[in-house]
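**Student:** Letter by letter, the chains look like this.
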Amino acid sequence: MSASFTEQICLNDKITAKMRCNKLNIDLFSYAEGTLSEEDTTAVEKHLEDCVACSSFAAEIRGVLAVMEAEKKVTENPFFFTRVEAKMLKPSKQPQLSLVRLLPTMVAVLFFVGGVFAGINIGKLYGPDAGASEKLVFETKQFIDDLGQEPIESLIINLYPENDDTK
Amino acid sequence: MTGDGRYSTESQLLEGLKAGDRDAYRLLVEKYHVKVIRTCTGFLHSGADAEDIAQEVFIEVFRSVDRFRGDASLSTWIYRIAVNKSLNFLRSSGRRKLFSFLTGHDDNYLHEINNEHASQESNPEESMIQSDHARILEQALNSLPAKQRTAFVLNKYEDLSYKEIADVMDVSIGSVESLIFRSKQNLQKKLYNFYNKNMR
Numbered sequence: 001m002s003a004s005f006t007e008q009i010c011l012n013d014k015i016t017a018k019m020r021c022n023k024l025n026i027d028l029f030s031y032a033e034g035t036l037s038e039e040d041t042t043a044v045e046k047h048l049e050d051c052v053a054c055s056s057f058a059a060e061i062r063g064v065l066a067v068m069e070a071e072k073k074v075t076e077n078p079f080f081f082t083r084v085e086a087k088m089l090k091p092s093k094q095p096q097l098s099l100v101r102l103l104p105t106m107v108a109v110l111f112f113v114g115g116v117f118a119g120i121n122i123g124k125l126y127g128p129d130a131g132a133s134e135k136l137v138f139e140t141k142q143f144i145d146d147l148g149q150e151p152i153e154s155l156i157i158n159l160y161p162e163n164d165d166t167k
Numbered sequence: 001m002t003g004d005g006r007y008s009t010e011s012q013l014l015e016g017l018k019a020g021d022r023d024a025y026r027l028l029v030e031k032y033h034v035k036v037i038r039t040c041t042g043f044l045h046s047g048a049d050a051e052d053i054a055q056e057v058f059i060e061v062f063r064s065v066d067r068f069r070g071d072a073s074l075s076t077w078i079y080r081i082a083v084n085k086s087l088n089f090l091r092s093s094g095r096r097k098l099f100s101f102l103t104g105h106d107d108n109y110l111h112e113i114n115n116e117h118a119s120q121e122s123n124p125e126e127s128m129i130q131s132d133h134a135r136i137l138e139q140a141l142n143s144l145p146a147k148q149r150t151a152f153v154l155n156k157y158e159d160l161s162y163k164e165i166a167d168v169m170d171v172s173i174g175s176v177e178s179l180i181f182r183s184k185q186n187l188q189k190k191l192y193n194f195y196n197k198n199m200r
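Listed in order, the protein sequences are those of chains A and B.
For the first sequence, this note's numbering assigns the number 167 to the last residue and increments by one with no breaks.
For the second sequence, this note's numbering assigns the number 200 to the last residue and increments by one with no breaks.
These are computed hints drawn from the structure, not numbers from a lab.
Check each hint, because a few of them may be wrong.
Short, incomplete list of chain B residues facing chain A, as computed with Cβ under 8 Å [as the list claims (entries may be wrong)]:
1) Glu30
2) His33
3) His45
4) Gln55
5) Ile129
6) Leu187
Every residue gets a Cβ at the ideal spot worked out from N, C-alpha and C, and that includes glycine.
Same shape as in the complex, but just chain B (with noise of 0.2 Å):
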């Protein structure tokens, strides 16, 4: 029998990872994978550094799956997971950046964001709009205050619901809606300083 007909329903699931059951592991990644690397990609948007972030984001649900009581579904659970893993790994390249500033090494992270970017076109000026947008929209989205980010990343990028948003960051939809109104208008802001910079 294979793992997808024993693990049918998500208890089942939960079940079979408990038990330490590799097909059981198997199917989870399988079934989550693209959701959290797409995820880690809406905070840290270089497909290498959210790939990178997604293993360890499995490995943690490995180590930890014994603790999850189910008083939130899987899925929120890994999600929840995702999210803060890639919050912190934000807060440490953060941290990285300005030691590099501070020694004077060079940091290649956003040529590395512009280049995943610019390398899907083949016009060069096209490329070099494409890319300037992609700094302008991971500027833009790191300046927002984490909840806002949070809130925003899960709706635009995962297309999550307003009732799954609440579930995973622990706060009332009400909490949700505004969070989502906020970083818009936030990010209607920070979009204009950029532009208004640009146009000078």
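So here's chain A without its partners, still in its complex pose (with noise of 0.2 Å):
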């Protein structure tokens, strides 16, 4: 116990028996306990008598302790050994109790993934650009394909059809 904590109390109750509280932050426990000396246990109480704070804190332990004292009364089980027994009996069920518990999460993920996948394509189906890249595809089909183009001999035929040769 640091040296400011009952300092600490002490002052609060307006109390600067500060020599007397370094003793008393070590041995409170002990005290409410009733594991110390009796010489210690006189000088405790006698500081107690005077310090509001450090009693009441004391009383506390106290209240603890008794709760201690209480889970310690374990009574004997008559049925503890057939209970064990049919425990030990029972086949474990270990290995399919943690498959089912993680179904709720693979589940969890299956329905992410899927959602994410299905959010993507929807997007594509119905978002601003739906069909342009189609057109687009069309267009630039048009544009590589030389083939596809009017020749220029043929364009200028066209144009001036009288300095055609062929005919």
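Hints are included, so try docking the two chains, each in its own frame, into the full complex.
**Tutor:** What follows is the structure in structure tokens.
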């Protein structure tokens, strides 16, 4: 226990018994337990008479220790062995249990992944650029398809048919 | 001849356990189950959980008795298993609590502890104070480092001597003294913090 702890309690109570608190801050728990020597117990009790905060905190520790004492009271259970035996003979369901536990997570992951894919595809179908890509591909095909374009010779012949020597 | 007569010494009991004799098992459980449940209660602070873990301790004892070399006494070995099982349960329940917190499920573990203590008191105010003390005790003990907590629980709940605790924890007697001293100091600090918070 740090020195400041008991000093703080005592200052709250406007008691400046700093030296006594320095001694007390180590022993309050043991005092409440009843494991202090007779001499130390007397010293602590003398301090507690003067310090309301320390005495209140000691009462709090006693309350907690009383709970501990209550927890220690375990009674013999005549059916305990039967229960252990039954538990031991029961077939282990551990692997199945872990799969069952994993199932909701797996379903959630599947839903998430499916949702993402569905979102992407729906976006492609109904987005602002829907159909534009097909048109673009068509135009691009025309542009790069040399065979599909009118040859320059045919264009000149069509513009100036009088110069057509083939006729 | 009853099991009690055949197994009057620890080595005879051990022989019976290794031979798979049901009487030996029953005798072992009858002899140690209160001690094991009490030790587990010191860690778990819940009667139902402590009994569940105690059952697992004995199942572990029965399953691994063939591997028990007899370096330590039977009781030391059983205490060791009880401590390990309890600490493992606390770790897994800590993860469970975190998971239930993240998923938003209500965790009624602390309510159960509080109700166990509160139900023993008829006066509502008294029962409220007692369940408050139970909660504070559990939180203060759980915040201690595992070694300090183990030494403290074996000393306070089981009244084991420093030598017996040293055997269970596989450390020196000096270390046990130091662990118990520090655990009491830390507990006083933690209890003061709770006390201070409640006073505000």
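**Student:** Hints numbered earlier in the text: which of these fail when held up against the supplied structure?
**Tutor:** Checked against the structure, no hint fails, so every one of them is satisfied.
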